[in-house]
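Mind docking chain B with the ligands on chain A? Use the hints.
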Amino acid sequence: MTDIPDRQTSGLGFVGQRVKRVEDERFLIGEGQFVADLNPKGVLHAAFLRSPFAHATLNSIDVSTAAALPGVARVFTAAELNAVTNSFPPLFMIEGLYTPLYKCMSEDKVRHIGDPVALVLAESRYIAEDALELIEVEYHELQATGTIDQALAPGREQLWDRADGNILGDISADFGDVATIFADADRVITRTFNCPRQTNQPMETRGSVVIVDPATGHLEIHNTSQAPHFLKWAVAGLLVNDGAFRNLSRFARNKDRRKAFSAAAKAFVSTNKQKLLEQDPAGQKSQMKKDMSFLRAQARMAMGLLASNDYPTVKAGDIGGAFGSKGSVSREDIALAAAARQLGTSVQWIEDRVENLLDGGQAREERFTVSLAVDNDGTLKGMKVDAVLDGGAYASFPVSAAVTVLLWKLYMPGPYDFKAFELNAKIVATNKGKVVPYRGPWANETWMRERMLDVVAKELDISAADIRLKNVIREENMPAAFLTGPTLDETMSVAKTLDRALEMVDFDQLEQDKAAAEARGHRLGLGISSYHEAAPGPPNFFSSAQPGSDMFLHEDGRAEIQADGRIVMYTSQSPHGQSHQTTYKQVAADEFGVAMEDIEIVWGDTDRTQFSFLGTGASRGGPLGAGVMRMTARELRNQVVKVAADMLEAAKEDIEIVNGNIHVVGVPTRGTTYADVAAKVASDQAVSTGPVFKEEMKYEGVGNGGWSVATHIAWVDIDLETGQVEIPRYLVVEDCGPIINPGIVDGQVRGGVAQGIGAVFYERHHYDDNANLLSTTYMDYLIPTAMEIPKIEIEHMETLTKGENDARGVGEGGMIGAPAALTNAVSDALGVDVLEQHLPPYRLLELAGIISS
Amino acid sequence: MSLPSATTPAGETLAINVTVNGTLLSLNVEPRHSLADVIREDISLTGTHLGCEHGVCGACTILLDGEPSRACLMLGVQADGADVVTIEGLANNDGTMHPVQQAMYEAMSFQCAFCTPGFLMSTIALLRDNPSPSEVEIREGLSGNLCRCTGYQSIVDGVETAIRLIASNSAGIDPVGEPT
Ligand code: FES
Ligand code: FES
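First to last, the sequence lines map onto chains A and B. Read in order, the letters of the first sequence correspond to residues 1 to 853 in my numbering. Read in order, the letters of the second sequence correspond to residues 1 to 180 in my numbering.
Just chain A, same shape as in the assembly (with noise of 0.2 Å):
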């Protein structure tokens, strides 16, 4: 692509090097600028009135009382900002799927506690939340739905009246021949799993101030978002626009507009043409069949996407943690900005934690019955699964649930060698808040596979090192077509993980710690988990989970030299804690030759950089974000090294750049400088300011890796008096390719490994049977503190792949291997086979058989 050495391997420069945070120059001193921090003068503040029933229908709202009391500017009933948005319609289909459209309020019904039935602005969050008490509803409760077994069962009260009882989904897949594999095996063994709700809380709650300019009544709307171009064009889109039609014929006659416009879609077309011919019309089908209405609401979102002529800009600033929970677009964001727009008046709202443990983002409350085919040597050769995911009340805009099962048809059988595999997969709608991606959304399989593949290594009496060196794939097989689609790479190889994992580990002293804690009436165990993540995946990962699906993915960055010389990258990500300013100066600093502090970064502003459907989420900060970085810099200095040639005289190829310094090779002295190359294009441009060189770039990761993969090894210590667990070392072996900055990577990992001991241990996002939630508070939502989280011993391979760019993603693995590796470890420990993944201190003992369930 360039002829310019690739600096990343060099063992030169910043990239590899544990660089210390420049985010901390500002969130140590106390100056991040969180969402909450923002308060504009004379913003008005929000707060929702919330459905208290599980299942309702609402027969009358009174909100006079609260509309007079004194700071009280509005009282917004759900009809009234219904009658002003547009349904969210769904944009995954799926074949076998339905999709529920709904509103940002609800008005007829409700369904989950939490569920907005209003919305008060008033001078302070304290007077609007005095409003909330003045509002009377009259509800009629309906019979609820609150666990998996109800969702399933036929003839209860249906959340939504279209769907098959409360069944959405019933997706299948299959690969291999399925019914020989099973047949000729020497046995099937068979489990049920099920994991519980959880929910990813980030210690920021969500969060927008809708900020409206008085004479334009442009909306300036700064959001947790981790996708503000997403956010963006759903607020464009869902917000009824008065004068559609009159913009419509406006647009129509707006020669520039309409140039624009049709050569933006032109070009959307031609650079995903083979993408879009793709795409299998099935899913639709399944829609339609149950429900065309998404035609129509997909219509007046694209009518309002044209029609309008002043799109929002959407600032994300610095985000308190997300884990997945802030990549959907919530209703509230659009009854928020449809309030702002009726009113003219900025308004904010702030979540509160209640609220964020009721409808923040949920996930994981699945259900897995699997069947393995093995023969008696410890050979696995097929694998069955019926998943049930309670997907709670309402799809998650854009990336719902289905996603999960998408993506399960293609993780399940994991690192392993299966001949065969078959998916039958449901989606039920219970009472409960929505289901978000979490950090991994698919991750369940790994833990039910892992957890499986200790249940048959103990049925055929071999240890769980050997069932997995016998059956992962290893790099001689390698590259390979996965049995689900998507290829393998053997550059990036579990098995060299799980190898090096296991020769971390003394086998012979484990026993003896074993049957030290059995003396002191403890029991010891160690659990295994492999996985391979496609962090960002090979180019085919999501077109073998969804025709066309792809398209959705590319990465695009913009670089750009101002006339002063100053070099300004900007992302399309959107960090929340991953420490993209870091790690993408390192990148750039790196290909410019100059140091950290001369690149500006620049994030989260719609206004300023380029769409992206995602923003930052699916580990792809590190391979898609960092490597547009650096192919983009790269492509900008090459534009400069061409003129400071011609200044020095040389040829180009003979021009470096150390620390800003542009010279030919062995003459520093004889050097010129950014500055002085863009002052000598700005004078022959005539230009004062902007930039003097620009270079955009779209990239999609190159090379036929893209897999990030880990090993991770649990040893876990229960107290058999109090259930108490301790974890006495836990070690990840992982490998994303060549580290950015360790510092950076290790607290990605770690931080998952934590959400996963506290999914294990102490986290249950607890509904009763009639969908009442019991976890209201961080009283009974238990995160982990510093006294539960153990030193966790991270071993890296980096192995170097074939693309251009090495980095893989790493963000989500720790949560992806953390469940299997300590369920396993207690199974080991206790003799029993597990088949939850929470495991309290109770039901620790009532496993251990101390005390009965």
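FYI, nobody ran anything at the bench for these hints, they're computed from the structure. Every residue, glycine too, gets a C-beta built ideally from N, C-alpha and C. Mixed in with the good hints, there may be bad ones.
Stated by the list, open to error - Which chain A residues stay away from chain B? Per the calculated CB distances, all over 10 Å, these:
#1 Arg50
#2 Gly283
#3 Lys458
#4 Pro668
#5 Glu721
Claimed, not checked - Have a look at the derived ranges for each label pair, beta carbon to beta carbon:
#6 A:Arg608 x B:Gly95: 21 to 31 Å
#7 A:Tyr842 x B:Gly81: 45 to 55 Å
#8 B:Glu135 x A:Lys20: 50 to 60 Å
#9 A:Leu800 x B:Glu135: 31 to 41 Å
#10 A:Thr57 x B:Gly81: 46 to 56 Å
#11 A:Glu136 x B:Glu135: 51 to 61 Å
#12 A:Glu25 x B:Gly81: 31 to 41 Å
#13 A:Asn659 x B:Gly81: 50 to 60 Å
#14 A:Asp506 x B:Arg164: 25 to 35 Å
#15 A:Glu726 x B:Asn130: 22 to 32 Å
#16 A:Ile462 x B:Asn130: 42 to 52 Å
Showing chain B with the ligands alone in chain A's frame:
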């Protein structure tokens, strides 16, 4: 003083005097406003964060007369006459970071940093009371603060780095938060 009922609208305020980060302020605050809201809104010091507003996460921790306190669980009027230190008050007068801030920087302790103000305050109090805590004591000392991003190891590393930094400064920990 009688607190207004839950539905009493805004308007009524009480005068308090409070020292914040070394500056004595006279404020008129609404009696029902939490200390956290007074700090964040009335004084515009937004470095103190609100993660749960029910006393568990510790993000709102400040030093009140030197003691780490949850600003979300107190009313602003209760701080009348008190000395408050927030994250903004930690840096030295010359603008350089407090040794605990410096140490957390070196250790790359945080990610999203929403929890950071609370951890800094708790660490300062911990090290003032026990200048050389063991790892277990550090973990115990920080167990009133939740961090969802880091798995805590980097924060523990930060505290250990702070111990070394402070010891090498020999002057000991800055007595931030002590009444002046
Ligand atoms: S905000 Fe005060 S403890 Fe969480
Ligand atoms: S760094 Fe994100 S909560 Fe601690």
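Consistency of the hints with the structure:
no.	hint	result
1	Arg50	16 Å, holds
2	Gly283	35 Å, holds
3	Lys458	30 Å, holds
4	Pro668	32 Å, holds
5	Glu721	20 Å, holds
6	A:Arg608 x B:Gly95: 21 to 31 Å	30 Å, holds
7	A:Tyr842 x B:Gly81: 45 to 55 Å	47 Å, holds
8	B:Glu135 x A:Lys20: 50 to 60 Å	23 Å, violated
9	A:Leu800 x B:Glu135: 31 to 41 Å	36 Å, holds
10	A:Thr57 x B:Gly81: 46 to 56 Å	54 Å, holds
11	A:Glu136 x B:Glu135: 51 to 61 Å	56 Å, holds
12	A:Glu25 x B:Gly81: 31 to 41 Å	35 Å, holds
13	A:Asn659 x B:Gly81: 50 to 60 Å	55 Å, holds
14	A:Asp506 x B:Arg164: 25 to 35 Å	32 Å, holds
15	A:Glu726 x B:Asn130: 22 to 32 Å	23 Å, holds
16	A:Ile462 x B:Asn130: 42 to 52 Å	50 Å, holds
Violated hint for the displayed structure: number 8, the only one.
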